[in-house]
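Asks: These protein sequence lines map, in sequence, to chains A and B. Residues in the first sequence are numbered consecutively from 1, following our numbering. Residues in the second sequence are numbered consecutively from 312, following our numbering.
Quick caveat, the hints were computed from the structure, so don't treat them as lab data. Heads up, the beta-carbon is just placed ideally off N, CA and C, and yes, glycines get one too. Careful: at least some of the hints might be erroneous.
A few chain B residues that don't get close to chain A, going by computed Cβ distances all over 10 Å [to be verified]:
hint, residue
1, Arg565
2, His775
3, Pro871
4, Glu916
5, Asp961
6, Ala965
7, Thr981
8, Asp1015
9, Asp1064
Under 8 Å between C-beta atoms, here's a sample of chain A residues computed to sit facing chain B [as the list claims (entries may be wrong)]:
hint, residue
10, Ala113
11, Ser161
12, Asp164
13, Val165
14, Pro168
15, Pro180
16, Arg183
17, Met187
18, Ile275
19, Asp276
20, Glu280
Residues per chain are reported as follows:
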Amino acid sequence: MSPDPELDDAGRRELDVRVGFGLLASEVELESLLSIVRRVDVARGQLLHTRGQPVASLFQVVAGRVELQAPDAPLWHVEDGGAVGLLDFALGRSHARTATAAAPSQLLELDAADYRDYLEDNYEVGHRILSQLSNRITAAMIASRDSTLFATSDLTHQERSFGDVEIPLVERLIILSRMPVFRGTSMQALAKLAQNAVERRYSVGDVITEAGTSPDVVSLLVEGTVELVLPNGRARREGRHLVAHLEELATGPRSITASAATDTIVLQLEREDLIDRIEEHFDLCMTLLAYVAGEQIRVNNASSDGRCRVA
Amino acid sequence: MAEAVFDVRRGEYARVVRAGGAMFAILAGFTLSETARDSLFLGANGAGKLATAYLLLAGIAALAVAANAWLVRRVGRRAALVITLLLAAIGTALFYPAQRGPTIALVLYLWTGLIGTVVVIQFWLLAGTRFTSAEAKRLYGPIAASGAVGTLFGAVTAWALLRALEIETLLLVAAGFYVIAAALLARDNDSVESRLRGAQIKRRFAVAPSKLRGQGYAARLAVLTVCATAAALLADYLLKSAAAAAYRTDDLARFIARYNGTVAALSLVFQVVGTAWLVRKIGVLGMIVVLPILMLVGGAASAVTAGSFIAVCFTKGSDASLRYSVTRVATELLWMPVAENVRLGVREPLESVGTRLVQAITAAMLLALVALHLAHATVVAAILTGIAVVWTLTAARLRSRYLAQLRSSLGRKAFDSNHELDGEAAATVVDALSSDDDRRVIAAIQILVARGHARSIPAMLLRHDSIDVLTATLAALTTPGRTDWIPLTRKLLKSSDPRARTLALRALGRIGDHTAIFDGLCDDDPGVSAHGVFWSLQSTEPVAVQDNPAVVRLLAEAGPRGTTGRRELLNAIRSDGDQRWADVLLVLAFAGDDETFEPLVHAIEHVPDERFIPFLITRLGTRGGRARVHAALVAIGDSALTALELAFADLDTAPRVRLHIPSAIAVFGTPRAAHGLATSLSNEPSGAVRHRVLRAIARIATRDEVIVDASLLLAELRLHLHEHARLLALELPLIAELDARESAVLLRGLLRDYISQALDRAFLALQALHPREDIREIQRAIKGDDPRARAHATEFLDTLTRARLYAGPRAEGIRAQLLVLGEDLDARERLTRSGWGDRIPPSVAAAVTQLIRDPDTLLAACAGYFALDLRTPELVRAVDEAVGERPLFAPLGIAHPGLRVA
């Protein structure tokens, strides 16, 4: 590991940053990223961080291999192009695993606080990360052929049924604040989302979102059960969750069809509106990232060979 | 009484008592031994030998300090000080039975001097590990005051003992005090580091601050120390020479005891009432100039009066009474933001070896003066005056360095993103051009172009099969004076990929290759053909392009082919178009095709025209392409800014558009843009828009270094600080009794958001007021859990807000409210200290009643909603009254159920 930034090869650093982050950032965004990234070479066995330590840095693996260990948990390893520390950063917690270079590795290091500022200044990067992670996680869940990853039945609260009554704004606010995907979001942001959300009611068999389409709304299940038709299976979701799980946060054509398995009430947020709220309330971006990070952990743990893209 | 003067808080008493007690004992012991030392030395050797004693002391002290440093490394700072104190006690006691004489007096002089040097420095360095700078600011006062009491006590004790006992008795008593100090410090094991351990440890891999970083500031502190040391020695010489000439040995001892007592009393007064008051009133930077100014006055007076007893007493008295009170506290605070490694690398050698060296040089100079029969009071005082001038000027010019040091103690290193490529870096980038990874090749091209090394990109890259690489390569190669790309580009015209043909046509069209343009016109692909149309018109004399049949056909063509053609025509205009194409763009703008929106706006940026303004402003409401809309508006210029200002002033403008106008105005980055935004703050009704305006102003101020009218920003800063305090006061009863009902959670959550938002807005205003400061870093430190960073941030704000800007009535209360944010206090205490204590409602019901009447409708509605759950008669009445005045529950979409308590 080179301890001195003066020794940091400026050309290689910029190359690595552009290759690693170029797809997620515009030229201006890359420029500000370049000012907070440094390149480090680590020897095999070098400790990047230990379990329980606060997240001070994030790493992008340019080349090499990093292993992440925790007691009673499957071993994860991250290789070229993967990110280390991003999940704990997104979850706002201390490192849950100890990260060690399993081979001589070249890494890009970002100071966690700087990176948070960067995301706050460049909210669209945050949104792109969110949507790219959601795309990848959805693809990985589908590829795992384990449809239970999409299923939910956790009715944590005895939820009130709205029947034919239109959901008052205050109830919408309470519903949103209890949804796992918005846990920790400021009330102000949720109030704006609740104000702009559109209530939709579906009867049994109605299609809510269809594979192959690119809806510009995010659907939130308020009441009822939906059935997801996956490319290789089916799953049911109930409780107050995203209708098509993380695919709701992804962009591009859907691969899942969601239809009402019972009479169903859905709140729909326009994606544009959600992004506007992210711009105004950065905490919303971090909340959504935390939720996606939680799902990434499930996917990582389910990985048969422990290989992870994001850890 | 002590509580009224000193701000010692719960949990701090034990630490302060231990440190203060030790300081008391150390200085009481030192004053006793110093009284004995000076009287025995001057009695046996006279003032003439003082210079020799100073010189010897300097040499021996340097060795002793080196030994002490070794001891510190071996056993730690606290244990080293305890051992040193015990050795001091034993050594001092051993002088008690010794026979009086010149040699013993000299040895005693040196021994006592050593104790004074090593022990006091080590004590304060140890204190630096026990307190953060915020604590130091409050607690060094009482600790130093204990020292002043110790000095006074030592002087009075010496005076009393000398009435009945021999001088040597003082040495035994002094030894006893050293033992007491050692005992107190032996029990002190509460390091600040252990309290900081819970805070986030930053940058495991980050670079340790370089020894050189922060040394510019440290060098100035070193100059202060050097001047202070030299001046103190000269003042000491002046006084002792005058005293030796005026008194016999026994009278001299009593004079010294009386003098020490007076000085200690003065020091105590400064310490008890002066230091804390001075910290508040003039700050650290004000305190550090007090002593040099007094020394300057005293030195000048001594020089003018040829060393009158009063003048030299004043000079030495100033030094003795302020050095260990005001100046010591200020010096310790000034060293606080310096990185630990710089402190270790600069301060310790400076205060140990450095000061000894200065003393040695000063003493050698005095010796030389004595030898040359020039050691008159006038000469010595003149030298002292000169040193005091340097000292005063250095201290007075410390502000910017101090702020920079505080800033760097909080800030993180940013890497240069606009560096020049040196040979090795350039070679690495060029190597990447042959990478298998297209992204790496493109990155390398971008870097080489950005750094002016486009000539290093070989034309052979045009054989690459990636369209993205070809795009980047052609953009890089088609520069004036370069032609090696032309043959390979002509070959690309035959590519099966229409994107490659488009790229080639664009590049060749720019150099007027008619064959290529003709091929383009005949191309089957609508995109390539559109470029052919563009270049065929571009290469002719100016004509009204909108009437050209090929253009008319292109604009009218339906279906995907039409869309592709129009998009590519726009791409061609955005790269190479001119004003002739404005009418075509206008037609496309009115067509309102979302699929061509982004290239259209991009093209408008290239061909700006005032006729596009209404279209562009309307499109601000749509997120996609907003950055391009901003750029296009800026390209149009002042008329676009005027239109934006008018649209913003018009409250009937679509809210979504209006919300985004401030950031569009900010892109102009001019004083006019900033002023317009700042002026709008005073009558902006929407909180969300105000927030946008503040962000826009802060952005203009920091990015474009535009000075915004301070009075407008101060008003905004004050408004948000008041709002923060007001909401914090209303929140207190609600968090004191945590109600678990949904309505309570809702209300608390919203209140917390607003509190945080008010603070964010206040810091945005502060950022706009101080565009060159990294206020966000300060805000993060203030809100964070690292007590040391918070203390430095508070000190930074303290220094920043001592500017004249914050002195007038329009800034009233701002400074106090900002400073209290970083204090380690609970919310109630914080509010009380900033004058908001009486605004805290006595109960939940009282808080809710106030919130129901809050101007923010959502907050009022949530309060009302909670009141419905609480159902006390008082709250029911409040809700009923509020509902009678306005639709209280409308923001929550519920009707008022007509509450009545049964």
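Asks: Please name the hints from earlier in the document that this structure breaks, with their numbers sorted from lowest to highest.
Replies: 9, 11, 12, 13, 15, 16
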